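Visitor: Take a look at the letters that make up each chain.
2 protein chains.
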Amino acid sequence: MNINRLINAAQEKELPDLVLKNAKIVNVFTGEIISGDIAVTDGIIVGIGEYNGKNEKNISGKYVVPGFVNAHVHVESSMITPPVYSVEELKWGTTTIITDPHEIVNVGGCVALANILDVAKKCPTNYYVMLPSCVPATPFEHSGGVLNADDLVKFKNDECTLGLGEMMNVPGVLNCDSSVIDKLNAFSDMVIDGHSPMVSGKELNAYVCSGVKTDHESVTYEEAAEKLRCAMAVLVREGSASKNLKAIISGVVKNNIDTSNMAFCTDDKHLADIRKEGTIRFNVKKSVELGLSPIKAIQMATINAARIYGLKNIGAVACGYKADLVVLDDIEKFSVLDVYKDGVPVSEISTDFNAVYDESMLKSVNPAPLKDNSFDIPKKDIYNVIGIVDNQIITENIIMTDEEVRNGLKDGTVRKIAVVERHHATGNSATAYITGYGLKHGAVATTVAHDSHNIIIIGDNDNDMKIAVDELKRVNGGYTIVKDGKVVDTLPLELGGLMSMKSADEFIPLLDRIINTAYEMGVNRNIDPFITLSFMALPVIPKIRITDCGLFDAEKFSFTE
Amino acid sequence: MNINRLINAAQEKELPDLVLKNAKIVNVFTGEIISGDIAVTDGIIVGIGEYNGKNEKNISGKYVVPGFVNAHVHVESSMITPPVYSVEELKWGTTTIITDPHEIVNVGGCVALANILDVAKKCPTNYYVMLPSCVPATPFEHSGGVLNADDLVKFKNDECTLGLGEMMNVPGVLNCDSSVIDKLNAFSDMVIDGHSPMVSGKELNAYVCSGVKTDHESVTYEEAAEKLRCAMAVLVREGSASKNLKAIISGVVKNNIDTSNMAFCTDDKHLADIRKEGTIRFNVKKSVELGLSPIKAIQMATINAARIYGLKNIGAVACGYKADLVVLDDIEKFSVLDVYKDGVPVSEISTDFNAVYDESMLKSVNPAPLKDNSFDIPKKDIYNVIGIVDNQIITENIIMTDEEVRNGLKDGTVRKIAVVERHHATGNSATAYITGYGLKHGAVATTVAHDSHNIIIIGDNDNDMKIAVDELKRVNGGYTIVKDGKVVDTLPLELGGLMSMKSADEFIPLLDRIINTAYEMGVNRNIDPFITLSFMALPVIPKIRITDCGLFDAEKFSFTE
Chain H
1 MNINRLINAA QEKELPDLVL KNAKIVNVFT GEIISGDIAV TDGIIVGIGE
51 YNGKNEKNIS GKYVVPGFVN AHVHVESSMI TPPVYSVEEL KWGTTTIITD
101 PHEIVNVGGC VALANILDVA KKCPTNYYVM LPSCVPATPF EHSGGVLNAD
151 DLVKFKNDEC TLGLGEMMNV PGVLNCDSSV IDKLNAFSDM VIDGHSPMVS
201 GKELNAYVCS GVKTDHESVT YEEAAEKLRC AMAVLVREGS ASKNLKAIIS
251 GVVKNNIDTS NMAFCTDDKH LADIRKEGTI RFNVKKSVEL GLSPIKAIQM
301 ATINAARIYG LKNIGAVACG YKADLVVLDD IEKFSVLDVY KDGVPVSEIS
351 TDFNAVYDES MLKSVNPAPL KDNSFDIPKK DIYNVIGIVD NQIITENIIM
401 TDEEVRNGLK DGTVRKIAVV ERHHATGNSA TAYITGYGLK HGAVATTVAH
451 DSHNIIIIGD NDNDMKIAVD ELKRVNGGYT IVKDGKVVDT LPLELGGLMS
501 MKSADEFIPL LDRIINTAYE MGVNRNIDPF ITLSFMALPV IPKIRITDCG
551 LFDAEKFSFT E
Chain A
1 MNINRLINAA QEKELPDLVL KNAKIVNVFT GEIISGDIAV TDGIIVGIGE
51 YNGKNEKNIS GKYVVPGFVN AHVHVESSMI TPPVYSVEEL KWGTTTIITD
101 PHEIVNVGGC VALANILDVA KKCPTNYYVM LPSCVPATPF EHSGGVLNAD
151 DLVKFKNDEC TLGLGEMMNV PGVLNCDSSV IDKLNAFSDM VIDGHSPMVS
201 GKELNAYVCS GVKTDHESVT YEEAAEKLRC AMAVLVREGS ASKNLKAIIS
251 GVVKNNIDTS NMAFCTDDKH LADIRKEGTI RFNVKKSVEL GLSPIKAIQM
301 ATINAARIYG LKNIGAVACG YKADLVVLDD IEKFSVLDVY KDGVPVSEIS
351 TDFNAVYDES MLKSVNPAPL KDNSFDIPKK DIYNVIGIVD NQIITENIIM
401 TDEEVRNGLK DGTVRKIAVV ERHHATGNSA TAYITGYGLK HGAVATTVAH
451 DSHNIIIIGD NDNDMKIAVD ELKRVNGGYT IVKDGKVVDT LPLELGGLMS
501 MKSADEFIPL LDRIINTAYE MGVNRNIDPF ITLSFMALPV IPKIRITDCG
551 LFDAEKFSFT E
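Residue numbers (the numbering used here), protein chains in the order written: chain H, 1 to 561; chain A, 1 to 561.
Certain hints may be false.
For chains that are exact copies, the list does not tell them apart, and a pair is met inside one copy or across any two.
Restricting the straight-line Cα-Cα distance to at most 27 angstroms, the calculated cross-link-like pairs of lysine-lysine (DSSO-like) are [claimed, not checked]:
id	residue 1	residue 2
1	246	213
2	213	156
3	254	486
4	440	276
5	213	21
6	483	24
7	54	371
8	440	286
9	556	276
10	24	213
11	13	213
Simulated from the structure, these hints should not be mistaken for laboratory data.
As the structure is a computational prediction, the values presented were derived from the model and not from experiment.
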């Protein structure tokens, strides 16, 4: 950055590159709305006032607010690549994304992390990375990568690194597990994101003493308020699955609590939902509908997030700040009229990102060859069967006799579910019974399987299940559906088995198609055929799950049979 | 810091070192007042709630607020050393001091700066340093040290360094002087303090584009509000000479402007004033009297300052924060009952600081030997005479004929004033005439002479003036008064010629005594005999000044005769 050019442009000794004339500017520092022109040079705001520029655009009294910050997001959930995802955010006014590439790093380890940090610099938004703290997520599964404190430290000085990603291992913190403490100590000089659902009282005090600075897991106002009191920045989450905004913001309004240590995030939001309403723009809009003042909502979406994460040149429409701007028709409905990134209208931003992906990330599906008996389940008198619950992420542990299982397999209420290790061809796999999924004459499989992202397969016959695994290996990961011995549809997610290399416009109809195909094959319409499946391998959520190591009782925190 | 101990103490797996029972805690994040105990281990707050501790103290329902932050202070103005000054601040609840050692570094250059950073670590408060950006302050004088960008960069990584000190050279910034730009660029990743009295409009925009983040020079609400809008943190100053708080805070209250980017400072406050009312505690009290909510005032004094300067573990009574606490009887009059630093009551803090000062700092008064004609002024028809204005820092430029001067010298209205270079024995000196000071049969001299701190002497005869210079050389700097060929009183300021090595209790009566002696010798009682004198060498303040290089017209910004 050439500050001489900025200093000269601010004084009109040189004409600014761009002047947005006649704006109503929301000033996040004073809480005022100021009328004036916005002068920009080299992508930086150099003046607010009356300016002439080389290029001028009349904003005609519309509102201009700082570009929004999505303070915590897993881009992998969108199933498109970081640059492609960034464009989707940008259209709705998000100009800064703070990501935790937890999923892809569980697949590709340090190589994936280095790759994401490289790609971050090619994204059209500001793209910051919190280094994943929990790879693998638990000791009960085999992930592709393993990152200890020493591995993470190597990435600390990257210009896109802001700190350590969400520390999900709360028991590890509270018990001072040395591998956890090593990571916390290594990042004590940076922001450490928390993940502490329902942690309270002295345990919350202890968790915060470890150095954790943020939390995005509050679901009630009371939980959020306790965390705020405890010095945590509260990131109010409104995603596709977790919708916490109404409860928290209603409480904030009712109690008139200070919002200066609060920001907004989505955590996980699906592409279709983003296309419908945006991300942080939607959080802001909904907060204002709930009675929060537009100024406070905009502060949460901008300068508060910037302060929480130590970002010094974003989050305000003010001199010296990046010209990341959202032009709005109003500050009630937050209709986005235009977005500028570094002073460039989003419509003019090139989508030729030149992002390069490591070969290993594009060839990440490497299961050992399956055997004839890979999906056999030893005969027993009594089985623990995973019970899917409609519209929920939790499962039931259903006790069934051998006869009940046989009958269920016949009448379609019981299916086999298997997890096959796919990173290092270890040959590790486990198979169990599951209810509540539906599906007839075939198999559904995906390489998206939280958090280790092994191959997870559900089916009513072993042959189709094997074909599904082979198909996912062939296409380097994704979603697939097999029927009567033939692949009927596949959605490749060739980047780590998690993300498509396609554009969003190409990707969305393919995703819709394969989901519909699954429903047509009898999958329960009260669940998402793939997302529900992808959560069956997450060992931290009650009551019973399956990993490549076996059936797991998430309440007893141990394997079962 | 051993976070395992903190995590365990928070859960009472180990008893906390200290528990303050039954406090009313001001929570700066939520703006609430919370009743509870405060648990401390290793000087860090580990819990708020119900706790038992190895040591317990009942606060009995008194208020506990975070230790205050003095966001901008020149400790040299107190004329006592940094650790001794820190104790004075501490007694009134200031636990963090952000200093700019501009004065001492103008005397001692890099050696002095290194010395102050070393001493900072021995101070009983948190003692942070902004590296002086303007040494020398102007090109019109000879200071002891010269610091360019390369010199400053060497001190960037010191744990006590927060950034670059107040950039007073506004014209240098606006004109992109390369030496100024080099310094700004070198500190673009840290906080850069501003100093922009009455700078406004496009010039203010340009100044902010240079990377400056704070300002403490606003004297009206309108000036402060413009700077806030312009992304500057406004440090509301209430010192001994500059009292800006009433004007600014009254406006803040009237306009209900957001205070989150505002903090408090004193800039320069004399020891006697501090002893009477404290520093930041006084700013808080006065703000509340003016109608600001106690919570907002406390936030400005604590967490806001911490955020502005990127200090992560101070400014809140919350887990993981330093146990820097002020116990108050109320939050209206802010009567300080007790102060804790790192969990230790101020009464128990050792005053054996083990601060070591560089020998060169204790032998900093090295003028060349004076000649018989050193204080001669060539005869002219017309003279520019410095006119002291009662109770003001500005001067008048009084045009006097030779006859008027002769008569003035006789009737006591005109005196000689001289500046003698004292750092490197260059022999540089200048002498001029001055009115408005008073003084009969003697000389008054000081090595405190802003900003280069050469020896400044005023007198009615050359002999006493010479004796005064010799005396200041003999005692390694300070204040002195000579009468009829004899030294009648001297106050040594042996640290750089600016600060006394004595305790505050020893120092104060000696200071009072020498000031009274000056008045008894006829010095105008509407000025301070020494402070007024010390500002006569400051070439940036209108209208006319004297440096070791000559008489200076501060309006034309050039030397005169």
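Visitor: Does each hint hold? Answer for all of them.
Guide: To see whether the hints hold, each was checked on the structure:
| no. | hint | verdict |
| --- | --- | --- |
| 1 | 246 - 213 | within (23 angstroms within a copy, 36 angstroms between copies) |
| 2 | 213 - 156 | both (17 angstroms within a copy, 26 angstroms between copies) |
| 3 | 254 - 486 | neither (57 angstroms within a copy, 75 angstroms between copies) |
| 4 | 440 - 276 | neither (33 angstroms within a copy, 86 angstroms between copies) |
| 5 | 213 - 21 | between (40 angstroms within a copy, 26 angstroms between copies) |
| 6 | 483 - 24 | neither (59 angstroms within a copy, 67 angstroms between copies) |
| 7 | 54 - 371 | neither (69 angstroms within a copy, 63 angstroms between copies) |
| 8 | 440 - 286 | neither (41 angstroms within a copy, 77 angstroms between copies) |
| 9 | 556 - 276 | neither (40 angstroms within a copy, 64 angstroms between copies) |
| 10 | 24 - 213 | between (34 angstroms within a copy, 24 angstroms between copies) |
| 11 | 13 - 213 | between (44 angstroms within a copy, 23 angstroms between copies) |
When held up to the earlier numbered hints, the structure conflicts with 3, 4, 6, 7, 8 and 9 and fits the remainder.
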